[in-house]
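Student: Please put together the full structure from these sequences, using the hints given.
Residue-level listing of the chains:
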Amino acid sequence: MKPFGYVAAQDPAAAIALVAGRSGAAFLGGGTNLVDLMKLGVTAPDLLVDVTGLLPGEIERTAAGGLRIGAGVRNSDLAADPRVRAGYPVLAQAVLAGASGQLRNMATVGGNLLQRTRCLYFQDVTKPCNKRVPGSGCPARAGEHRNLAILGGSPQCAATHPSDMAVALAALDAVVHVEGSAGARAVPLGELYRLPGGEPDRETTLQRGDLITAVELPAPAAPSAYRKVRDRASYAFGVASVAAALDVAGGAVREVRLALGAVAPVPWRARVAEQVLTGRPATAEWFGRAADAELAAAAPLPDNAFKVTLVRNIVVRMLGELAGTAP
Amino acid sequence: MTTTDQTSSVLTLRVNGSAHRLRLDHRTTLLDALREHLGLTGTKKGCDQGQCGACTVLMDGRRVNSCLLLAVMAQGAEITTIEGLGGPDELHPLQAAFVERDALQCGYCTPGQICSAAALLGEAAAGWPSAASPSLDGPVTLDPAEIRERMSGNLCRCGAYVNIVAAILDVAQEAVSREAGR
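Going down the list, the sequences are from chains A and B.
Per our numbering, the first sequence starts with residue 1, numbered consecutively.
Per our numbering, the second sequence starts with residue 328, numbered consecutively.
FYI, nobody ran anything at the bench for these hints, they're computed from the structure.
This one's a predicted model, so the numbers in the text were calculated from it and none came from an experiment.
Keep in mind that a hint or two might mislead.
Computed Cβ-Cβ distance ranges for the label pairs, DEER-style [stated by the list, open to error]:
| # | chain 1 | residue 1 | chain 2 | residue 2 | range |
| --- | --- | --- | --- | --- | --- |
| 1 | A | E285 | B | E506 | 46 to 52 Å |
| 2 | B | G434 | A | A305 | 40 to 46 Å |
| 3 | B | L349 | A | P134 | 38 to 44 Å |
| 4 | B | E501 | A | E285 | 51 to 57 Å |
| 5 | A | A14 | B | Q376 | 30 to 36 Å |
| 6 | A | P188 | B | G465 | 32 to 38 Å |
| 7 | B | G465 | A | P134 | 47 to 53 Å |
| 8 | B | E405 | A | E255 | 45 to 51 Å |
| 9 | A | A236 | B | A452 | 26 to 32 Å |
| 10 | A | A142 | B | L418 | 26 to 32 Å |
Even for Gly, the Cβ is constructed at its ideal location relative to N, Cα and C.
Tutor: Laid out in structure tokens, this is it:
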């Protein structure tokens with residue numbers, strides 16, 4: 001690890017100015033991903049600006065009946081919050097499906113959104129990686145890619161976004177509050193992330209110095225749930241996951257919100273499936289048709305084609321459970 | 328040299344009730360500060376990547392991986408290591424249960440297992456659900472499935488898991504009967 005400066009920031013404007021004005025500076029939250037990446041040599045900031053002392057660490061009700069979650073809230077506190085458990089089970093379940101008790105105590109909401117892919121090549125500095133070193137190549141397509149993307153990838157990069165929490169937030173239509181040099185703005189979660197295209201090193205629409213300060217949820221609506229499939233029963237990144245919220249009236253789907261995790265470079269909102277399903281019978285047949293429509297765009301690599309079937313099966317099962325029609 | 332260019336800091340770490348003033352390179356993790364600077368070698372370095380849990384300590388009562396925490400980030404917090412939980416003359420109930428149940432072979436992961444389990448008991452008592460909980464809103468009953476899920480951040484390469492679960496279950500049930508006896 002290279003030596004670096006450290007500042008415990010007290011004031012957002014000063015922290016933002018520090019990071020905006022210095023290319024080697026980085027915000028530090030819980031550190032669970034950043035410190036690891038520094039040890040691996042994947043990233044080598046020369047200044048860490050610790051924002052845990054200034055980011056809001058509270059969860060508050062909004063006037064619209066939703067929740068405003070401070071970016072400094074730790075993952076464990078988010079999952080344990082009674083309002084989250086009651087109104088947004090998909091979010092509590094997603095957070096509890098990730099990492100370990102220790103890591104959830106450390107990880108912040110803001111940092112969780114901005115964590116980096118766990119693609120093996122990205123984390124191994126002895127290998128080429130277009131995300132880490134633009135233009136250096138991607139060994140994953142011909143190499144180890146069992147756990148990489150089937151949707152949204154590009155010839156340059158098929159790495160997946162590793163967050164469970166972000167998949168739930170995508171299904172919940174969360175809005176991310178950002179402060180930067182030019183002031184504050186609200187970014188819908190779906191507009192926070194970029195697909196890799198020819199620039200896999202640019203993962204978000206944030207500018208240098210932009211600081212996530214909060215995540216806002218609309219008022220609770222339909223019943224929701226999160227299902228994650230992984231190689232171990234616990235403490236493993238997902239192979240595929242689904243966040244779903246389903247509102248059924250008179251046997252028909254009034255509203256459905258679906259997001260897929262561990263299968264794309266971003267938390268993947270399945271809008272094609274939602275469109276197919278809205279207004280249709282809440283049956284396994286239609287759940288399957290909706291999943292098929294979404295997955296028609298899948299472009300799997302040889303060793304991860306199984307994810308297409310896996311995602312379909314999870315979607316059908318989960319929607320059946322939420323509709324109360326699962327066998 | 329401005330503040331932002333300094334690569335070390337003088338800081339105070341509060342560990343097991345004592346304050347220690349140290350000058351540390353910012354790269355120093357809490358784990359290395361404990362072991363190399365304060366001589367508290369009970370906390371173990373396993374993977375050094377947050378994957379094995381051998382370095383687990385309590386920070387303000389919450390379990391954390393000390394290998395992923397920079398020492399400068401722990402300023403102002405109360406750190407408790409295995410040495411602070413109990414010792415040979417006064418074993419923590421979990422330490423006694425691990426001995427009683429033979430919940431270890433080589434013992435390298437044990438301090439982390441015990442620190443993690445100590446925090447787990449508090450989390451369950453506070454009603455925090457886990458991925459193994461039947462519902463998100465019910466009271467938490469610590470059974471073997473709950474303990475396995477909640478301890479998944481602590482690996483044991485000797486595979487002493489069966490007895491680790493039994494030891495933690497013993498202490499959890501003692502707490503429940505104490506509560507019921509009140």
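Student: Determine which of the earlier numbered hints do not hold for this structure and return their numbers in increasing order.
Tutor: Violated hint (a single one): 10; every other hint is consistent with the structure.
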